[in-house]
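Chain by chain, the residues:
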Amino acid sequence: MKRHLISAADLSRADALLILDTAEELAQLADRPIKKLPTLRGRTVVNLFYEDSTRTRISFEAAAKRLSADVINFSAKGSSVAKGESLKDTALTLEAMGADAVVIRHPASGAAHRLAGWVRGSVLNAGDGTHEHPTQALLDAFTIRRRLMGGRRQGGSRGGQGGRGGLGGTVFPQNRVGPGGSPPRGNTALDGIRVTIVGDVLHSRVARSNVLLLSTLGAEVTLAAPPTLLPLAVGSWPCAVSYDLDSELPKSDVVMMLRVQQERMSAAYFPSVREYSRRYGLDGARMARLPDHAIVMHPGPMNRGVEIAAEVADSSRSTIVEQVANGVTTRMAVLYLLLGGTEFPAVTQ
Amino acid sequence: MTGARGTGPDRWLIRGVTVAGYSGREGGTADILLSGGSIVAVESGLNHSGARLLDADGLIALPGLVDLHTHLREPGREDAETVETGTAAAALGGYTAVHAMANTDPVADTAGVVEQVWRLGRAAGHCDVQPVGAVTAGLAGVRLAELGTMADSAARVRVFSDDGRCVADPLLMRRALEYVKAFDGVIAQHAQEPRLTEGAQLNEGEMSASLGLAGWPAVAEEAIIARDCLLAAHVGSALHICHVSTAGSAEIIRWAKSKGWPVTAEVTPHHLLLTDELAAGYDPVFKVNPPLRTSADVVELRRALADGTIDCVATDHAPHPVEAKETEWSEAAFGMTGLETALRVVQEAMVDTGLLDWAGIADRMSIRPARIGRLAGHGTPLEAGAPANLTLYDPASPPAAVVPAGASKSRNTPFAGLELPGRVVATFLRGTPTVLDGKLA
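Heads up: the protein sequence lines correspond to chains A and B, in order.
Residues 1 to 349 (my numbering) make up the first sequence, in order.
Residues 1 to 441 (my numbering) make up the second sequence, in order.
Don't take every hint at face value.
Below, a list of computed lysine to any residue pairs in the SDA-like style, where the Cα atoms sit at most 25 Å apart [as the list claims (entries may be wrong)]:
#1 K88(A) / F334(B)
#2 K251(A) / D283(A)
#3 K88(A) / G199(B)
#4 K88(A) / L171(B)
#5 K35(A) / E51(A)
#6 K88(A) / A200(B)
#7 K88(A) / G236(B)
#8 K65(A) / L37(A)
#9 K2(A) / G150(A)
#10 K88(A) / P381(B)
Simulated from the structure, these hints should not be mistaken for lab results.
Remember, predicted model here, so these are calculated numbers, not experimental data.
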């Protein structure tokens, strides 16, 4: 693995599988009475947050603490940053304090990339502008794998089944393992899994990272959105594109809903929230068009009643709460691998 | 600062130089004798008694380069550049005249400011500084600046531009074009439709999509160029298009010229060589307005410069202090320095590719920009009787990496570390060397 995690494109298929398998092993900790490992004792992880994002910050904080790292939370609000300190000067300050890893959330695309040029420690991108959010993609992949590839499924590879044809309902009902799923076999990727990502792709760092990572892992990704919310050059991405959500639903194993910011309306991306919701929102009727095994994901925070109806968010298909739990585990795996912990607990192969 | 400034022109004999466009004997080489600020003779075997000798074997002589588009930053941002440092950079790049853009602080929208810049240029002495006046008061795009007063001032302004901002209001643009006909002026448009580029950061395409940077569509430039070509034709006034950056823009200008409309255009060295793929590392040294485009655009811009659709190369030299670039991409300032590297970049992009010969370079970097800028005493072919403004250039100098440190106060060159051919050896301004052996004289 590289020293930093800035883009999902930094991860080879082997890297991504290593992270997911490591996370799977670390997930076993969650069932132990003492959830903490000494792995990163004496290492310092800084959470450098230029945007309010409590959920992502506490997820990284919990991950680092469970690995016994010292955690420093640096919120840009009310700090030297608010007084005009540049990102570079903040980086040099953190460097002087001996940060082994910096987790950065920033409103500017590329901020994590820039930071990596100024610090010696590892940089973890926790969301940069409208660019990427690679740990979100990893936790999403982890969640999909647990829900759809876990437990009793035999064989491991779907490549021999001739692609989409082999993904009918006969495979999955027995794989429904309930909330939380069960551990998939090591080295299981997402080959042939059909993921539909719905909504504001243009401004979504979650979508960018997921398209890259899920396609690396063999999933077939389709973006469903109004044309105004897709990048003009989306044709060069490793995914399919559709303007019609309804036609995609029956062939989706996973539907991932993106948050829609209501202020997009004023920039004429769509006429009204209601029209958006009518055409691209996931309500009960649309959910009923999904195959029985299909799951519904959302990176949060949700706009209930806009991109996702309450009955969908609260349904058994929804993985939204699991995604949060899996976020901690996945981020533990990333921190462990980037910081090269030496006391990884012996886990049976 | 330079001894040459106080002493006045000497007699110089430049021996054995290849004169761009000269069709004399001995493979095109000749001797050039300078005296009294003028070229006295261009022929081979000139007698050098009493003249200082400059052995120019292997060098090309070009009429002194003229830049239509320079940001000297003074008054207001003397931390980025001053007239003194910017014109020194110009001389080192082979320029004998630069047009200083109006987006200073205060804006060059009155006779007072343009005369100040003009006087600072005279005092610096490295090259002539021809101020550009703002089209609208304060660059605000609301009402016309006092264009006629600037034209009548000591600075004799003929080129007007709100560069950095587009004159987006079509009625205001029409009036400006019409108004400057009274004194043979030209409106130099920064073509950027503002609504289509709100928050824009990088050429809209594959790079902007994958980097998550707000896209800057080609059509935002092309729509304004098309509109303004039509306006220029309608009112019969001279329009100049600044920093053309897209293939589509070149096509529109080619069409307008085919109609015989009074339209001229410039392209920057960086748009002739660099593409938006350089933004992959989010280094804002590659952030510029208009943005770097695709390799397909670069190919078309070169072709348009070669066939004369685009009249000239203009640097858009835009110095910025370190802190304006050592930041997040979206926070960083737009712009690149370019005076000291322009000729080398153009050799790489246009000469070494066979698209233009040195006579063509003389035309695109001196003769035509001087004509567009209505600049007397510059851009005249190197022949007896012409003002002794010339540049000696060594195209065979082995490619060397560009070093950011130069005469400019700023270091924001996108070419740093890039190996470019050629070297400016000497620059003469009215017979006086401003640069000798690649250093300020």
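| query | Broken hints, numbered, in rising order? | reply | 4, 5, 7, 9 and 10
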